[in-house]
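Chains A and B supply the protein sequences, listed in that same order.
FYI, in the working numbering the residues of the first sequence are 1060 to 1301.
FYI, in the working numbering the residues of the second sequence are 1060 to 1301.
One thing to keep in mind: the hints can contain errors.
[Stated by the list, open to error] For the chain A half of the interface with chain B, some residues (derived, Cβ under 8 angstroms), not all of them:
no.: 1; residue: Pro1073
no.: 2; residue: Pro1085
no.: 3; residue: Gly1132
no.: 4; residue: Leu1136
no.: 5; residue: Met1266
no.: 6; residue: Met1269
no.: 7; residue: Leu1270
no.: 8; residue: Val1276
no.: 9; residue: Thr1277
no.: 10; residue: Lys1280
no.: 11; residue: Phe1282
no.: 12; residue: Arg1285
no.: 13; residue: Val1286
no.: 14; residue: Leu1287
no.: 15; residue: Leu1293
no.: 16; residue: Leu1294
Worth flagging that the hints you see were computed from the coordinates, not collected in a lab.
Cβ coordinates follow ideal geometry from the N, Cα and C atoms, glycine included.
So the chains spell out like this:
2 protein chains.
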Amino acid sequence: MTGAAIRVSEIFGPTIQGEGVLIGQPTVFVRTGGCDYRCSWCDTLHAVDSEYRDQWQPRSVGEIWEEVRRLSGGVPLTVSLSGGNPAIQPLGPLIDCGHGDGYRFALETQGSVARDWFSDLDVLVLSPKPPSSGMETDFAKLDECLAMAAGRPMTVLKIVVFDDGDYAYARDVARRYPALPVYLQPGNHTPPPPQDDSAKVDIDGVMNRMLWLVDKVTGDKWFDARVLPQLHVLLWGNRRGV
Amino acid sequence: MTGAAIRVSEIFGPTIQGEGVLIGQPTVFVRTGGCDYRCSWCDTLHAVDSEYRDQWQPRSVGEIWEEVRRLSGGVPLTVSLSGGNPAIQPLGPLIDCGHGDGYRFALETQGSVARDWFSDLDVLVLSPKPPSSGMETDFAKLDECLAMAAGRPMTVLKIVVFDDGDYAYARDVARRYPALPVYLQPGNHTPPPPQDDSAKVDIDGVMNRMLWLVDKVTGDKWFDARVLPQLHVLLWGNRRGV
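Chain A on its own, in the form it takes in the complex (with noise of 0.2 angstroms):
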């Protein structure tokens, strides 16, 4: 086992993935910790924030295959590699690995940071963040990532969308890539906080930011996008490792 040190936040699972293309589809998750982005709603700020850095324990590729294998039973699934923004951690050996036992995985990403092992991917997420987060996207870097992935992994972008300038900005990007499927998602404004994961959710919110979005798609009639709610949220509201 070779490779680098992994910073992992955590590894929970089996769960079902709850959003994008994959939503319903079990699942391990191995989050890992710190980011380039510090979006203004972000939902795991204890991946991200690095005053919960202590928490980012370094192991090794065999540690953490060990505890996906362990979680899963040895049992191939789809493991989602999130984070904060899992393209900051070296993690081709892990994919290399799990890959060896017949396991997929599916990464999800901001599109900052492009790595030569995208391409190892089964499926890639591309998440640009819209003006809400506060962030401002390099679409240089965006461009950079699919070419890494070089159409090997099944590539899609989602997009998280809370007011009209970010569906102004979802449908700019969805034109600028327009052979990628598009995942629109209501945004939460009631994400946990990374001290307490019994924080109550803003149901009605998130309920009412998804109508209101099937309403803008259906009536622009933008009929190759996708709108789908996060089902977890939906399901458990925000405790964390579910």
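Go by the hints and put chain B onto chain A.
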């Protein structure tokens, strides 16, 4: 425009598909009237029970297609053919007509009636009914549906699960058709009564059944299955036409 008249219960949309493989995708529904089944928990009795037969208009392909085009503004999308059991209607000419305009067609059926035009579909959802429905699956017929599809449409299984007996049935069906992706859907014990579209829905019951089903699937390491609730029930309760 050719083809025999089609008995239509309702045409509505565009809205998003609320369940299964196309979840979240904008679609126009063409719901046909009439069914060869009578499931105990049927959630579309207004398209099944012959008591509502006078609401099922015989309509020509041209009339139906004009309505679909009007609703979608002439912009191609996926049309969901639903029922009742849409397989008992002569839908081949409608599919041909829509394909000429660049539309796509998904059909959902219990798989009790096989049609040669299944091979013209883009997506075929076979939804055999579990024991709690009170119906018995004719597997020879289900095999015949697959033979008619001839490997051309994307074909998936979708199985409603209320209890342990249904779950065991779902596993058996999945084992019988290992090549088909499987979608499991928690059942809804409070389907809309046909004459009342504002009836209260038992959201807690649906959610609890969803959580139970996720636990069953992950506990059994059935990692190929996908578990999805009826999103439209969560979003709109029992309202019709959305």
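Each hint tested on the structure:
{"no.": "1", "hint": "Pro1073", "verdict": "4 angstroms, holds"}
{"no.": "2", "hint": "Pro1085", "verdict": "4 angstroms, holds"}
{"no.": "3", "hint": "Gly1132", "verdict": "5 angstroms, holds"}
{"no.": "4", "hint": "Leu1136", "verdict": "4 angstroms, holds"}
{"no.": "5", "hint": "Met1266", "verdict": "6 angstroms, holds"}
{"no.": "6", "hint": "Met1269", "verdict": "6 angstroms, holds"}
{"no.": "7", "hint": "Leu1270", "verdict": "6 angstroms, holds"}
{"no.": "8", "hint": "Val1276", "verdict": "6 angstroms, holds"}
{"no.": "9", "hint": "Thr1277", "verdict": "4 angstroms, holds"}
{"no.": "10", "hint": "Lys1280", "verdict": "4 angstroms, holds"}
{"no.": "11", "hint": "Phe1282", "verdict": "4 angstroms, holds"}
{"no.": "12", "hint": "Arg1285", "verdict": "4 angstroms, holds"}
{"no.": "13", "hint": "Val1286", "verdict": "5 angstroms, holds"}
{"no.": "14", "hint": "Leu1287", "verdict": "4 angstroms, holds"}
{"no.": "15", "hint": "Leu1293", "verdict": "7 angstroms, holds"}
{"no.": "16", "hint": "Leu1294", "verdict": "6 angstroms, holds"}
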